[in-house]
Amino acid sequence: MADTAASAAPTGHAGSRDLQHHFDSMEQQRDASSLGMWVFLVTEILFFGGLFLAYTVYRSRYPLAFAEASRHLDITLGTFNTAVLIISSLTMALAVYSAALGRRKAIILFLLATMALGGTFLGVKAVEYTHKFHDHLVPGAGFRFPGPDARPAEIFFSLYFTMTGLHAAHMIIGIGLLTVLVLQARKGRYGPGYYTPVEVSGLYWHFVDIVWIFLFPLLYLIGRHLH
Amino acid sequence: MSAVTAPPAVDLPAEPRVNYLNSTYGLKSWLLTRDHKRIALLYLASVTVFFFLGGLFAVLIRLELLTPAGDLVQSETYNKLFTMHGVVMVFFFLIPAIPAVLGNFLIPMMIGAKDLAFPRLNLLSWYIYVGGGLFTLWSIVHGGVDTGWTFYTPYSTTYSNSHVIVTAVGIFITGFSSILTGLNFIVTIHTMRAPGLTWFRLPLFVWSHYATSLIMVLGTPVIAVTILMVGVERLFHLGIFDPRLGGDPILFQHLFWFYSHPAVYIMVLPAMGVVSELVTTFSRKNIFGYKFVAFSSMAIAVLSFLVWGHHMFVSGQSVYAGLIFSILSFLVAIPSAVKVFNWTATMYKGSISYRTPMLYAFGFIGLFTIGGLTGMFLAAIGLDVHVHDTYFIVAHFHYIMVGGTIMAYMGGIHYWWPKISGKLYPEGWARFSALVIFVGFNLTFFPQFILGYLGMPRRYHAYPEEFQVLNVMSSAGASILGVGYVVPLIYLIWSMRYGKAASANPWGSTGLEWDTPSPPPTENFAVTPVVTGDPYQYSPEEVEVVG
Amino acid sequence: MSQHVVPPRVYFAVFAALIVLTATTTAVSFLDLGPWNTVVALGIAFLKATLVVLFFMHVKYSPRLTQIVIAGGLFWLAILLALTLSDFMTRGWLPILR
Amino acid sequence: MRETFPLFPQEASTLAPRVDALYFYLIAVTIFFSLLIALSILYFAIKYRRRSESELPHGVEGSLKLEIAWSVIPLLITFSFFIWGASIFFAMNRPPSDAIEISVVAKQWMWKFQHADGQREINELHVPLGQAVKLTMASEDVIHSFYVPAFRMKRDVLPGKVATYWFEATRPGRYHLFCAEYCGTKHSGMIGWVEVMDPVDFQSWLAGGTGSESLASAGAKLFAQHACNTCHRPDSLARGPNLEGLFGKKVQLQDGRTIVADESYIRESIVMPNAKTVAGFQPIMPTFQGLISEEGLLQLVAYVKSLSKAAPSPEGVAPPLSKSRGQTPQGSAPASVQEPPRSEAKK
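Residue numbers (my numbering), protein chains in the order written: chain A, 1 to 227; chain B, 1001 to 1547; chain C, 2001 to 2098; chain D, 3001 to 3347.
Bear in mind the hints are in silico, worked out from the structure with no lab data behind them. Treat the hints with caution; some may be incorrect.
Across the chosen pairs, the derived CB separations fall in these ranges [said to hold, decoys possible]:
#1 C:L2081 / B:L1134: 16 to 24 Å
#2 C:V2039 / D:Q3252: 29 to 37 Å
#3 D:Q3252 / A:T56: 39 to 47 Å
Derived lysine-lysine pairs resembling DSS-like cross-links, with alpha carbons at most 30 Å apart [stated by the list, open to error]:
#4 B:K1349 / D:K3134
#5 D:K3186 / D:K3112
#6 D:K3250 / D:K3047
#7 D:K3134 / D:K3249
#8 D:K3112 / D:K3221
#9 D:K3309 / D:K3250
#10 B:K1349 / D:K3047
#11 D:K3065 / B:K1291
#12 A:K132 / D:K3250
#13 B:K1349 / B:K1114
#14 B:K1028 / B:K1349
#15 A:K132 / C:K2060
#16 B:K1423 / B:K1028
#17 B:K1291 / D:K3249
Derived coverage of chain A by chain C (criterion: at least 3 residues anywhere in the stretch with Cβ under 8 Å from a Cβ of chain C; other residues may be distant) [stated by the list, open to error]:
#18 91–105
#19 108–121
#20 127–133
#21 200–206
C-beta: ideal position from N, C-alpha, C; glycine also.
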C-alpha cells in the first residue's frame, strides 16, 4: 500500500480525465476506493452480525423448535437459490475481468447476466414468501404452527423474514448498482486505466453472495437430519 | 511538522485574499459544496442547533425537579423530556460534534492533503445527518418518544404508545452519517498523507480521530440492526425480543450496549485529541510520551468493545459474565489514566499560557479525571448493584460528556476559531464564560453524586422530600451552566463580523494547519508540504532550520 | 486491489468447487451426525466464503491492509458473539442452595 | 422521622456495611488521584507560566520507567477494586438456604407481595429483623427493578423469568422501596416501603393477617385444579417427569443439554413446556400461558420447591402442605434486637 502518496504524475493513459482533483495519482485513488469499500463491507459484516447473534442465542435455547420450524422451509428452492447466487458471483467476476481488459460488449453481457441471476434469486424468494403466507407461517396474528412449540417457531420465522428480507434488500441495491454500471459501460467509460467502479461493485456483490452462503445452511439445513 | 522559528510578526493580509469562505457565493455553493471546510461549517451550524435544543430539554427537566412532587409537567411529558434530551444530546450532538466539525475541518490540513478521500460521501453524510435529524424533530413536534434514549424492550416494542418508530428511523439514518464520516477518515489517513508524514509524525488529534473512526465503523452497524429489529418487531410483530414468545429482553440489551458503550468513547476520544493539541501548544512543549498517548487512543478503541456488560450487572445477566465484564471494564480505564498523566507531565518545565483554550484544557483534565475515577465505582460490580440506575450514574456520565467532551469541544472551537473564521474571539469574554461554565457545571452535577448514593433513581418525575435540597442545588447550577453556554454563542457570532483579523499562526503552534493562511484557501496548501520532523517541535535544539 | 488480472480458468475452477461444496452441504445435512451436523455445515460455508473472498474478490493478490481490514471485521464479530454467549451459556452455573 | 437533609443512606442490611466500606475505599483513591493531578497541574501552571511571548522552553524526553509506573500501579489498584467488588457480588447472589421466601409480582406501577403463609400486601413489605429473606420475583409486563437503597441491593425483574433477591435486615424501621428500571408513565409512582419489624411483632402481624392458605398450599390447589398430577405422578409409568426433589437438581434434557432446575426453569416449563423437554419424555405437555396468572405461577413454583423440601432432605422441615399459620416454615428462634447482626455466612 503506498504509505506515502505516490509521485504526482498520473499513471495510465485514460487516467487524467478520471483522476479526481484531490488525489495525486490513479493508483492512490484506486487504493482509496477499494479500501473504502472494504471498510464498508466490514460495517456490513457487523450489520448482519447482530442478526446472526440473535439466531445463535435463540437456536441454542430452542434447538428442537428451530429444527422443527426449519423443516417447513423448501430445501430444493434454497439449494437452487444458492447455486443461482454462485453463478452470479462467477458472472460478476468475469465482468470485472472484461472491464480490466476493456472488452466493452463482454462487460455489458456479464453485468446483465449477473442482474438476471439476481432477479431470479429474488423471484424464488418471492415464491417462498408467498408459500409461507399461505401456510400461515408469517409471524403476527395469523401465525399458525402445528405441533407443541409454536412460539419459539414464531421467533424462528421472525428471524427468517428479517434476515432474508435484509439480504434481499441488499440484493436489490446491488442490482441498482449494476444498472448504473451497465449504462456507464455502454458509454465506454471503463477500460484498463479506469475500471474501479466495476471492481468495487463486484466486491459488494460477492459480499451479498457470501451472506447467503451462511444464511442457507443456518436457516435451511439445521433440521433435516432429525426426522 | 515543517520547521518553525519563533512565532512570526502578525502579517495582516494587505488585499482581501481568496479563501474558502469567499471563493464562491450563494446558497447553492454552500449546499452543494465538496470542500471539507465548508461541510465542517454546515455541521457546526446544525450541531449547534441540536445542542441548544437538547439544552432546552435539560433546563425543563431541572425546572421540574426543583420540587419533589411532579407539578411542572405531567409524568408522560417528563418521560418524553428526558428521552428527547438523551436522544438529541447523544446522537445529534456528542457523537458528531468534534469529529464532524473539527475533524472534518482539520484532518486534511493536518496531513497536508487537499481534501478527504471521498468529498461527495462527506457531503452525503451531512445530508444523511440532517435527514435523520428531521425525522427526530418531526417526532418531537408530534409528541416525542417516552422510552428513554436506551429504548429497552419490551417497553419500546410493545408497551410504549409514543413515536418510537419515527425516532428509531431518525437514529437509524443518522447512524449512517457517523459510519460514512468514520470510513472517510480511515481511508484519508491511510492513503492521503503528505510526503514524509509517517504514522509517528501524525498529530495526536489525527491519532484520536483514527481510533474514533474505528469505533464508528465497527460499532454503529450493530445499533443500526438493533433498531431495525425493534422497528420490525413493533411494525410487523416479528417478535425477536418478545418475552411472550420466549424472546429475551437481555439479548436486546447486549446488542444495544455493544454499540452504546463504545459510543461514549466516540464522544470522549476526539475530545482527548483536542486536549493533546491544546496542552502542547499552550505549554509550548513536545507532548510527554507521544507513542504512549497515541497507542492509548488505539487501546481505548479496542478495549471499549469488551466492556459493555457493566451496564447489565443487575439485569439478570449471569454472575460469571458480570465478573468478566467487571475486570475488562477496569482494563479500559488504564489508557485514559495514561493520557491524563502524560498531559500533566507535558506541562512540566513548559511555558504555560492561560489563554481560553488552555482554561478549557485545565477544566477537561480536572473534570475528566473525576468522571473517569467515578467510573471505577461502577466497574466494581458489588458497588454498581447499589448505584446502578441512580443519579450517581447520571453524574458520572455527565462529568465525562459535559465536563469532558463539551469542555474540549469549546476549547477546540476557540483554539481553531482564527483558522476557521480568520478572526480572533474576544479573550476577556471567553475567559469569563469558561469560568462560569466550570462553576455552573460542578454545582449542577456534584450534588448528583450524593443523590445517587442516597438511592434516588434515574428518570423519576417525583421524588421523596429528603432529596429536594440537593436537587435545588443541581437546578441552580444548571441555570448558571446555561448562561455559560449562551455567552460564547454570542461573542463568536459577533467576532465573525467585528473580530480582529487573525494571522496564519496566532498561537505560535507547530501544526501543519497553521502553516497556511487563516482562513485557508480552498485547496488548503499552495504546494503540498513536505514533513521532515516530529509533530510538536517547540524547543530550540529540536528545531532545525529547513530551507 | 492491485492491477493483477486473474485468468478466467481460475474463476471457473473456483466456481466448480463452490457448486460441489453446495451440493455436499445439502446432501450431508440429511445424514444424522448429531452435533457434528452444525460443525460440518458451518465448515463448508466458511470454506466457500474463503474461496469467494480469495479469488473472486482478489484478496489473494491484494495488499496486506485489505487482509487486516477483513481480519479486523471478523474479529469484532467474534467479540460480539463470544462475550454475549459468555452470558447466555453461563446463566445456570451458580449453585442453587436448596 | 429522619432529619430532612441526609447526606448518606442508612445501613439496614448485612450487605450495607460491606458496600459502604468499598465505597469509602474508592472515594479515598479518587480524592488522592484527583488531588495529585489537580495540584501538580496548578503547581506547573504557576511555576512554569509563560513569562514572555518569545520564550521557548527546552524539550523533555519521555521516560519509559514513568510510563510503565503509571500504567502498572493503576492496574494493581483497579485489581483490588475488582476483587473486593466481586466478593460482595458473590455474597449478593448466594441467598442462605434457610431464608424465608416471599413471592413478588411486579406489575405496571405496583409491587404485589405474598408471604409464605399466604399474607398478601401491595407496595408494603413487612419483614422480620435479623432473618434472611429471599424474594422470588416475576414481572407481568415490562422490566422493573426491585431496589431498596437502605439494603444496598437491587435486582431487575424481567417478564418471562424468575429473579431472586435476598437481604437480611439489621435495623428496624421503614425504608424506601423504588422501581429502578424505567417502566413507563408512572415509573416514579411505583414506590413503596419495606417495614423491618422485631421478629415477635412480625409474628403477631403475620398471625393477625387475613391470608388464606400458604403459598405452597395455594400452589398445590392449582396443581390439582389443572390436573397436573395426571402426568406428574411419582410412580414409574407417569407420562411427565417426577417433580419430587426436582428443585436445585441437574436435569438431563432431550436435546442433550443438562441444566439446573431453578425457579426460572420450573416457571418456563409451565408456560412453554417444550422449550426444555426432559430426556426420555415426549413433548406432549400443553402450554398454560394465559391460563394461570403470574401469582399462580409463583405459587406453583413454591409448591414444586416445597416438594423437594418434603423429600427426606437433612433439614427435616415441617411438611409444606399442613397449614402452619403461626410458625414460619423455618421455625428460627426469634433474634433479640440487641444481638449484633449475624455474619451473613451462616451456612
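Outcome of the hint check:
In this structure the supplied range 16 to 24 Å is violated for L2081 of chain C paired with L1134 of chain B, their Cβ-Cβ distance being about 35 Å. One distance hint, 29 to 37 Å for the beta-carbon pair V2039 of chain C and Q3252 of chain D, is violated here, with the actual separation near 22 Å. The hinted window of 39 to 47 Å between Q3252 of chain D and T56 of chain A is violated, with their beta carbons roughly 23 Å apart. Only pairs whose Cα atoms come within 30 Å are accepted, and K1349 of chain B paired with K3134 of chain D is rejected, the gap being roughly 60 Å.
Taking the CA atoms of K3186 of chain D and K3112 of chain D, the gap is about 16 Å. The hint holds against a cut of 30 Å. Simply put, K3250 of chain D and K3047 of chain D have alpha-carbon atoms about 69 Å apart, too far for the 30 Å limit, and the pair is violated. Restraint check for K3134 of chain D and K3249 of chain D: satisfied, since their Cα atoms lie roughly 19 Å apart, inside the 30 Å limit. For the hint pairing K3112 of chain D with K3221 of chain D, the CA-to-CA distance comes to about 20 Å; that is within 30 Å, so the pair holds.
Between K3309 of chain D and K3250 of chain D the alpha-carbon distance is near 16 Å, which keeps this suggested pair within the 30 Å criterion. A C-alpha spacing of about 8 Å is found between K1349 of chain B and K3047 of chain D, which places the hinted pair at or below 30 Å, so the restraint holds. Between the alpha carbons of K3065 of chain D and K1291 of chain B the distance comes to roughly 14 Å, so the proposed pair stays at or under 30 Å and holds. The straight-line distance between the Cα atoms of K132 of chain A and K3250 of chain D is roughly 39 Å, outside the 30 Å bound, and the hint therefore fails.
As the CA atoms of K1349 of chain B and K1114 of chain B are separated by approximately 36 Å, the hinted pair breaks the 30 Å bound. Restraint check for K1028 of chain B and K1349 of chain B: not satisfied, since their Cα atoms lie roughly 51 Å apart, outside the 30 Å limit. Distance check on the hinted pair: K132 of chain A and K2060 of chain C sit about 41 Å apart at the alpha-carbon level, beyond 30 Å; violated. The suggested pairing of K1423 of chain B with K1028 of chain B holds, with an alpha-carbon distance near 25 Å, which does not exceed 30 Å.
With a C-alpha separation of about 55 Å, the suggested pair K1291 of chain B and K3249 of chain D falls outside the 30 Å cut-off, and the hint is violated. Under a criterion of three residues with beta carbons nearer than 8 Å to beta carbons of chain C, the stated coverage of the segment 91–105 of chain A is upheld, 6 such residues being counted. Given as covered by chain C, the segment 108–121 of chain A fails the check, having 0 residues with a CB less than 8 Å from a CB of that chain where 3 are the minimum. Given a C-beta distance limit of less than 8 Å, the hint that chain C covers the segment 127–133 of chain A is violated, as 0 residues qualify and 3 are needed.
Look at the segment 200–206 of chain A against chain C: 3 of its residues bring a Cβ nearer than 8 Å to a Cβ of that chain, three or more, so the hint holds.
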